[in-house]
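These protein sequences, in sequence, are chains G and Y. So in our numbering, spot 100 of the first sequence is number 100, and the numbers just go up one at a time. So in our numbering, spot 9 of the second sequence is number 9, and the numbers just go up one at a time.
Quick caveat, the hints were computed from the structure, so don't treat them as lab data. None of these values were measured; they are calculated from a predicted model. Treat the hints with caution; some may be incorrect.
Unchecked claim - Per label pair, the in silico range of CB-to-CB distance:
(1) G:Ile-27 <-> Y:His-152: 17 to 27 Å
(2) Y:Glu-18 <-> G:Asp-247: 46 to 56 Å
(3) Y:Asn-104 <-> G:Asp-35: 45 to 55 Å
(4) G:Met-255 <-> Y:Glu-273: 38 to 48 Å
Said to hold, decoys possible - Cut-off 25 Å, straight-line C-alpha distance, at most; resulting in silico cross-link-like pairs (DMTMM-like, lysine to aspartate or glutamate):
(5) Y:Lys-268 <-> G:Glu-221
(6) Y:Lys-190 <-> G:Asp-247
(7) G:Lys-8 <-> G:Asp-35
(8) G:Lys-234 <-> Y:Glu-142
(9) Y:Lys-268 <-> G:Asp-225
(10) Y:Lys-268 <-> G:Glu-251
(11) Y:Lys-251 <-> G:Glu-221
(12) G:Lys-200 <-> G:Glu-156
(13) Y:Lys-190 <-> G:Glu-176
(14) G:Lys-234 <-> Y:Glu-18
(15) G:Lys-234 <-> Y:Glu-243
(16) G:Lys-134 <-> G:Asp-225
(17) Y:Lys-231 <-> G:Glu-156
(18) Y:Lys-231 <-> Y:Glu-243
(19) Y:Lys-268 <-> G:Glu-205
(20) Y:Lys-268 <-> G:Asp-242
(21) G:Lys-31 <-> Y:Asp-194
(22) G:Lys-94 <-> G:Glu-176
(23) G:Lys-31 <-> G:Glu-251
Stated by the list, open to error - Some chain Y residues close to chain G (C-beta under 8 Å, calculated; not the full set):
(24) Val-106
(25) Ser-155
(26) Met-158
(27) Lys-251
(28) Lys-268
For glycine and all other residues, C-beta sits at the position ideal for the given N, C-alpha and C.
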Amino acid sequence: MKTHPLLKIQNLSIHYPILSGILRRQIGVIKAVDDVSFEVAKGKTVGLVGESGSGKTTLARSIIRLAPLTAGRIFYENIELNTLSKKNFFPFRKKIQMVFQDPFNSLNPRMTIDGIIGEPLDIHFSLSRTGRAKRIAGLLDLVQLPKNSIHRYPHEFSGGQRQRIGIARALAVEPEILLCDEPVSALDVSIQAQIINLLKDLQAELNLTYLFIAHDMAVIEHVSDTVVVLNRGKVVEQAPADVLYKDPQHEYTKMLFASIL
Amino acid sequence: MQLLEVMDLCVRFSMRGEVVSAVSGISFEVAAGETVAIVGESGSGKSVTALSLTRLLPERPACEVDGHVYYRGKDVLTLPQKSLQAIRGKEIAYVFQEPSTSLNPVFTVGYQIAEAVKLHFPEEREVRQCVVKALKEVGIHEAEKRYDAYPHELSGGMLQRVMIAMALACRPKILIADEPTTALDVTIQKQILDLLRRLRERHNMAIVLITHNFSLVQNFADRVLVMFRGKIVEEGSTQAVMEHTKHPYTKALLACIPRLGQKKHRLKTIDYESL
Ligand SMILES: Nc1ncnc2c1ncn2[C@@H]1O[C@H](COP(=O)(O)OP(=O)(O)OP(=O)(O)O)[C@@H](O)[C@H]1O
Ligand SMILES: Nc1ncnc2c1ncn2[C@@H]1O[C@H](COP(=O)(O)OP(=O)(O)OP(=O)(O)O)[C@@H](O)[C@H]1O
Ligand SMILES: [Mg+2]
Ligand SMILES: [Mg+2]
């Protein structure tokens, strides 16, 4: 039996004008995402790789309405997300969580970690005070941050610690799908391994689904069931991970493998 | 006289009565033309070490820095503000771990690189061409058209490359690059490394490379320092550290590297209790 896709991206395009000079005259168009289609099956992981600037972040952000669509449709369990009203989209703000590429920009600098991880909990759950504290402590433990982190501010952490705060926040509300944009790029290989093992354990336990963006081809191979290769906004190749790694078809994919140090 | 000599560097942060020691007495040297990699645990003090080299950390009492950082024999930690300004950017340039924190959101990226060029080459007439060339060198497509882009209009990896272009525009004696390729795909990473190699040879530029990427270390660094909990636990030539690893932390760390073609296995992690 064919499994239903949890997430379906259909002919998605996102274009931005290129503006120039003081008058911000339009001198061109960036096709950040250009007619992209793929599906993510429930409980599976799609790895998204591609050149820097090829539209990976823009694509992921558009799913949670942080980038406007130029054309195309996004489906979640057969519900078309992009036509929903703000109110009807609200439940998806819990189901779909994103780990952002730039942890510093995505964490409110005036909030302590308690607030940053607690905020989505307050919005989507009604927990007792001790229940909330317990949950936050548990999440910090999952991502290997010390307990006394809760009273600290984002700038008082290292880059990799901030990245882990972003992961803890995304996991806090028990999402169904996680959009991970370079979630382990700032972590040493040991903590990276712990986080990847954690994500895989959660997937096995809770049937979580992942869209996983990364540049490290070994990490992508390790986590992905399917790999989608983007280049200049277009999908140049998509295939089951083992097939793609054994026998890449497109020139760009071949070049990617050839460039691995 | 060594280009850069760090002696007994200690950094402590005070946060609401709590004192955290981030760097606890580290010493190392960097010679002209040499590439030194700093690797180690997330949170072990790599970025803090990098920032302290030109006094970019918060002021006292939030942060206490002890020890010495000699740049060409002068202690940066006690240098008057004016002489310090002359070193920052021009002699010692940075690629910061989080580019968005160091680029100004209200200026275009072209403008920001141009300012760096003008500051260091006041006689340069063709500043715009210089900037476009610098953007091309770091692999930005349609560089002329992206000159007027604001930081938020660029991808993570493009920002990283803008930072690299900006740092290199000043022809620094030392480039401190903190995770400079985390957002770059392997093809562009290769292009950037070739660029750095050329500058290293042509201008005898020294590089301090902070990274989690061991293939990068192996391909690019002469020497490696391994940091763990604020201390340097191992150091030596790249080959010595990678092939005849001494410290248990380094050994355990190297065992955690994910490798192509090992999909079936659960990734190895470090049992910190055992260290
Ligand atoms: N708000 C915006 N305005 C204009 N252009 C944008 C905007 N956001 C993204 N772009 C452009 O869209 C393209 C794709 O950017 P995106 O961030 O999606 O790339 P990416 O694949 O995530 O790259 P990286 O691997 O470097 O993070 C880039 O050319 C970028 O400059
Ligand atoms: N401004 C600050 N205030 C308080 N503590 C800080 C500050 N900056 C860093 N720290 C702490 O100092 C320690 C070292 O941080 P540093 O940023 O140097 O780590 P790192 O080795 O660069 O880690 P990563 O690989 O995750 O970037 C961390 O425990 C961090 O929480
Ligand atoms: Mg991106
Ligand atoms: Mg750091």
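The hints, checked one at a time:
1. G:Ile-27 <-> Y:His-152: 17 to 27 Å: Cβ of Ile-27 (chain G) to Cβ of His-152 (chain Y): about 19 Å, so the range 17 to 27 Å holds.
2. Y:Glu-18 <-> G:Asp-247: 46 to 56 Å: Between Glu-18 (chain Y) and Asp-247 (chain G), where Cβ atoms are some 55 Å apart, the hint holds.
3. Y:Asn-104 <-> G:Asp-35: 45 to 55 Å: violated, 35 Å
4. G:Met-255 <-> Y:Glu-273: 38 to 48 Å: holds, 43 Å
5. Y:Lys-268 <-> G:Glu-221: holds, 16 Å
6. Y:Lys-190 <-> G:Asp-247: holds, 22 Å
7. G:Lys-8 <-> G:Asp-35: Judged against 25 Å, a Cα distance of about 13 Å means the pair holds.
8. G:Lys-234 <-> Y:Glu-142: holds, 17 Å
9. Y:Lys-268 <-> G:Asp-225: Satisfied, since the Cα-Cα distance of roughly 20 Å is no more than 25 Å.
10. Y:Lys-268 <-> G:Glu-251: Given that 25 Å is the threshold and the Cα spacing comes to 33 Å, the pair is violated.
11. Y:Lys-251 <-> G:Glu-221: Holds, because 24 Å separates the two Cα atoms, which is no more than 25 Å.
12. G:Lys-200 <-> G:Glu-156: violated, 29 Å
13. Y:Lys-190 <-> G:Glu-176: violated, 37 Å
14. G:Lys-234 <-> Y:Glu-18: Violated: Lys-234 (chain G) and Glu-18 (chain Y) sit about 51 Å apart, past 25 Å.
15. G:Lys-234 <-> Y:Glu-243: violated, 42 Å
16. G:Lys-134 <-> G:Asp-225: violated, 34 Å
17. Y:Lys-231 <-> G:Glu-156: holds, 19 Å
18. Y:Lys-231 <-> Y:Glu-243: Roughly 21 Å between the alpha carbons, so the hint for Lys-231 (chain Y) and Glu-243 (chain Y) holds.
19. Y:Lys-268 <-> G:Glu-205: holds, 20 Å
20. Y:Lys-268 <-> G:Asp-242: It holds: about 21 Å lies between the C-alpha atoms, which stays within 25 Å.
21. G:Lys-31 <-> Y:Asp-194: Violated: Lys-31 (chain G) and Asp-194 (chain Y) sit about 28 Å apart, past 25 Å.
22. G:Lys-94 <-> G:Glu-176: Answer holds: Lys-94 (chain G) to Glu-176 (chain G) is near 8 Å, not above 25 Å.
23. G:Lys-31 <-> G:Glu-251: This hinted pair holds, its Cα atoms lying about 21 Å apart.
24. Val-106: violated, 14 Å
25. Ser-155: holds, 4 Å
26. Met-158: Holds, because the Cβ-Cβ distance from Met-158 (chain Y) to chain G comes to roughly 5 Å (cut-off 8 Å).
27. Lys-251: violated, 11 Å
28. Lys-268: holds, 6 Å
In terms of the numbered hints stated before, the structure departs from hints 3, 10, 12, 13, 14, 15, 16, 21, 24, 27, listed from lowest to highest.
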